[in-house]
Every structure is written in structure tokens, then in C-alpha cells.
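Given the coordinates of chain W, work out where chain P should sit on it, guided by the hints.
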Amino acid sequence: AQKITQTQPGMFVQEKEAVTLDCTYDTSDPSYGLFWYKQPSSGEMIFLIYQGSYDQQNATEGRYSLNFQKARKSANLVISASQLGDSAMYFCAMSPMDSNYQLIWGAGTKLIIKP
Amino acid sequence: GAVVSQHPSRVICKSGTSVKIECRSLDFQATTMFWYRQFPKQSLMLMATSNEGSKATYEQGVEKDKFLINHASLTLSTLTVTSAHPEDSSFYICSATPGTSGGTIYNEQFFGPGTRLTVL
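First to last, the protein sequences are chains W and P. For the first sequence, the residue numbers in the numbering used here are 1 to 115. For the second sequence, the residue numbers in the numbering used here are 1 to 120.
Some hints could be false.
Stated by the list, open to error - Label pairs and their computed distance ranges (CB to CB):
(1) Q60(P) / A107(W): 14 to 20 Å
(2) C13(P) / Q56(W): 47 to 53 Å
(3) L68(P) / K114(W): 44 to 50 Å
(4) S89(P) / S31(W): 34 to 40 Å
(5) T57(P) / M97(W): 15 to 21 Å
(6) K14(P) / K3(W): 38 to 44 Å
(7) P8(P) / K3(W): 32 to 38 Å
Because the hints were derived from the structure by calculation, they are not lab data. These figures come from a predicted structure and were not determined experimentally. Quick reminder that beta carbons are idealized off the backbone N, C-alpha and C, glycines included.
Pulled out of the complex, with its shape left as it was, chain W reads as follows (with noise of 0.2 Å):
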């Protein structure tokens, strides 16, 4: 079964401080995308950072890293300084090659940032 699983429900962290959100995956896909996106109180869902199954080094997006380890299946989500702003639910998902487009969800993380 392809499944996402995201185990810290909650996160406080100090800002300024580097975070680490837990993600780890199964699929027996040889070809497929993890992602990761940021939803604020408003809704919206906010793309943050991709990692291909096949990509040799990983991914990075300004203060966005992604911790990929492909043996491990796990695809952990680096934040680093973090600001007031981060201060939102954190959803990794995943995208078989065959799956027509369609992510498999994990249960999102909720991470807020202390003053």
C-alpha cells in the first residue's frame, strides 16, 4: 500500500531556530515525487520544495531542505531560521509515476513558531 506518514502532530520550536518535519513514505513505485506544502490559517496550500525519486542531491529552496533518504524512506523537511511566519500546517505527500497525477497525503504536522 502507498502511504505517507507524518508522526509529529504538533511542533513548538524558539524562533531563529532550525526545525526537522518528520516524513516518511511507502511505495514499491521505482519512479515518483515527494512534495511538500505549507498551509497557513488562510487555507491556501503553498508548494515549498520537490525531490524526485531519482535526484541525486536534495532538493533545496532558500531556507527549505529536503532531507532525502531513500533507503530509510524517509523524505524529512529542513526549516532552517525560522521565522514567526512559519507558523503554519506542514503536509508531505507523494506522487507515484503511474498514479495520474494524484498525491497521497500524510497527516500534516502543525508547527508554531515561539517569539
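Relative to the frame of chain W, chain P by itself:
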């Protein structure tokens, strides 16, 4: 980047009425659109996948007669909640993908801002 609009952003209606939500891809042609439902503090739940010009594929447990989806063009999909009841109150989000023809990341979906439906 690709932009998806959704209208209305918020709607309050009486029980028994029907509500139509529009999802538009503004600067790309969407071969596939998705409709999600999200309850408070929960993840997105896929309701249906729609491809332009064909019938939508509904997920198990989603009533196709209740949630009518029309994907009339490559830039517009609509979700109609028929005879809405309080239990249909939720946050509905659409997403669209250009497919492999125009996307820079395969399987990337672009999301609308969502519609908050409240049925009284």
C-alpha cells in the same frame, strides 16, 4: 508560476440548496483537475479526479450524485454540492495540473485558495 483561482472563497447557504464552486486555471491548460475536501485539523481528502471532456472519477465513499463535477474546458472545472446539508460544511480545495506537456515538475499540482462552505 501557475495560478489557479477558486470562486467563491466563502459561501453560507441554507440546508437543501445547491452550491456551485468554480475552479479555473488562469495561465495554463489543465489536463486534470482534482477536488479535495478538508475537515478542520485534518489532511486533504481527495474527492474526485476530473479530466477535461470526460466523466470524473470519484473516490470510494464519495456520492457522485451529491457532488457533481463538470470539467467542461481545459481551464474550468466546477463542483456542485446538491441539496447541501450541515454535514457538507467543509473546506473544499481544487487543484490542477498541466500534465507532462507544460509542467516543470512531473505530477505537480497547483492549488486554488479554497472555498469554505457553511450549510445552516
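The hints, checked one at a time:
no., hint, result
1, Q60(P) / A107(W): 14 to 20 Å, "holds, 19 Å"
2, C13(P) / Q56(W): 47 to 53 Å, "holds, 51 Å"
3, L68(P) / K114(W): 44 to 50 Å, "holds, 45 Å"
4, S89(P) / S31(W): 34 to 40 Å, "holds, 39 Å"
5, T57(P) / M97(W): 15 to 21 Å, "holds, 18 Å"
6, K14(P) / K3(W): 38 to 44 Å, "holds, 39 Å"
7, P8(P) / K3(W): 32 to 38 Å, "holds, 34 Å"
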